[in-house]
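Student: One line per chain: the protein sequences are A and B, in this order.
First residue of the first sequence? That's 328 in this note's numbering, and the numbers climb one at a time after it.
First residue of the second sequence? That's 10 in this note's numbering, and the numbers climb one at a time after it.
Derived pair list, reagent style EDC-like, types lysine to aspartate or glutamate, alpha-carbon separation capped at 20 Å:
| no. | chain 1 | residue 1 | chain 2 | residue 2 |
| --- | --- | --- | --- | --- |
| 1 | A | K384 | A | E406 |
| 2 | B | K63 | A | E428 |
| 3 | B | K61 | A | E428 |
| 4 | B | K63 | B | E26 |
| 5 | B | K12 | A | D365 |
| 6 | B | K120 | B | D20 |
| 7 | A | K336 | A | D353 |
| 8 | A | K398 | A | E379 |
| 9 | A | K398 | A | E357 |
| 10 | A | K398 | A | D353 |
| 11 | B | K63 | B | D76 |
| 12 | B | K12 | A | E386 |
Example chain A residues on the side facing chain B (calculated, C-beta under 10 Å, incomplete):
| no. | residue |
| --- | --- |
| 13 | V331 |
| 14 | Q364 |
| 15 | G367 |
| 16 | R371 |
| 17 | L372 |
| 18 | Y375 |
| 19 | G385 |
| 20 | F417 |
| 21 | G424 |
| 22 | T427 |
| 23 | E428 |
| 24 | F430 |
| 25 | R436 |
Hint data in this document are derived by calculation from the structure and do not stem from the laboratory.
Here the structure is a predicted model, which means the values were calculated and not measured.
All C-beta atoms, glycine included, are put in the ideal place defined by N, C-alpha and C.
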Amino acid sequence: NAGVTQTPKFRVLKTGQSMTLLCAQDMNHEYMYWYRQDPGMGLRLIHYSVGEGTTAKGEVPDGYNVSRLKKQNFLLGLESAAPSQTSVYFCASTRTGMNTEAFFGQGTRLTVV
Amino acid sequence: LAKTTQPISMDSYEGQEVNITCSHNNIATNDYITWYQQFPSQGPRFIIQGYKTKVTNEVASLFIPADRKSSTLSLPRVSLSDTAVYYCLVGGVYTGGFKTIFGAGTRLFVKA
Numbered sequence: 328n329a330g331v332t333q334t335p336k337f338r339v340l341k342t343g344q345s346m347t348l349l350c351a352q353d354m355n356h357e358y359m360y361w362y363r364q365d366p367g368m369g370l371r372l373i374h375y376s377v378g379e380g381t382t383a384k385g386e387v388p389d390g391y392n393v394s395r396l397k398k399q400n401f402l403l404g405l406e407s408a409a410p411s412q413t414s415v416y417f418c419a420s421t422r423t424g425m426n427t428e429a430f431f432g433q434g435t436r437l438t439v440v
Numbered sequence: 010l011a012k013t014t015q016p017i018s019m020d021s022y023e024g025q026e027v028n029i030t031c032s033h034n035n036i037a038t039n040d041y042i043t044w045y046q047q048f049p050s051q052g053p054r055f056i057i058q059g060y061k062t063k064v065t066n067e068v069a070s071l072f073i074p075a076d077r078k079s080s081t082l083s084l085p086r087v088s089l090s091d092t093a094v095y096y097c098l099v100g101g102v103y104t105g106g107f108k109t110i111f112g113a114g115t116r117l118f119v120k121a
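One chain only, chain A, in its complex shape (with noise of 0.2 Å):
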């Protein structure tokens, strides 16, 4: 089982420019989740997904849309970046809520120039 895939690992944008990161996990877990981490600061929630063609708001969702069309990818879009969303994005899933065990992804380092 490879758990927790995430596409690309490096990528550099412009400001304005478009991407989608690409969330993909293979233990048919039903809950997903898009994180960003900031140097010096721990995780923060950018949006979630109870199921499939499901989809909620975190604690920092603006500048990201995201979709799960099915059940194992959840993707996350930025439409017009920003500096500010320089980061590093990293994918989650579980099988329940988080009071399970939660898989990360190896995460996808963001630079916005």
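Got chain A; can you put chain B on it based on the hints?
Tutor: Frame of chain A; chain B shown alone:
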């Protein structure tokens, strides 16, 4: 939301027991406490989770007092490979949403 506070960093030596305490004064009834370990350039990895009292697994113990306003992660006999950042997470499912709060993390440095 329950905010968490952890020491920024800790040093230890190989073979010692390390205890990292997390403060979460405003923890809610629905909240569980979870600890994660993170190495550079990797995603966090689950260590242990608890609701109250004591939980033990093959790698760590988690102590939670009766008032649940703090928790202590105990790592027995640490090795150099335990050098990492440790995060305390308080979260749960609430009506109308889902909340998680990650602490800023404790950077543990294990010396030979």
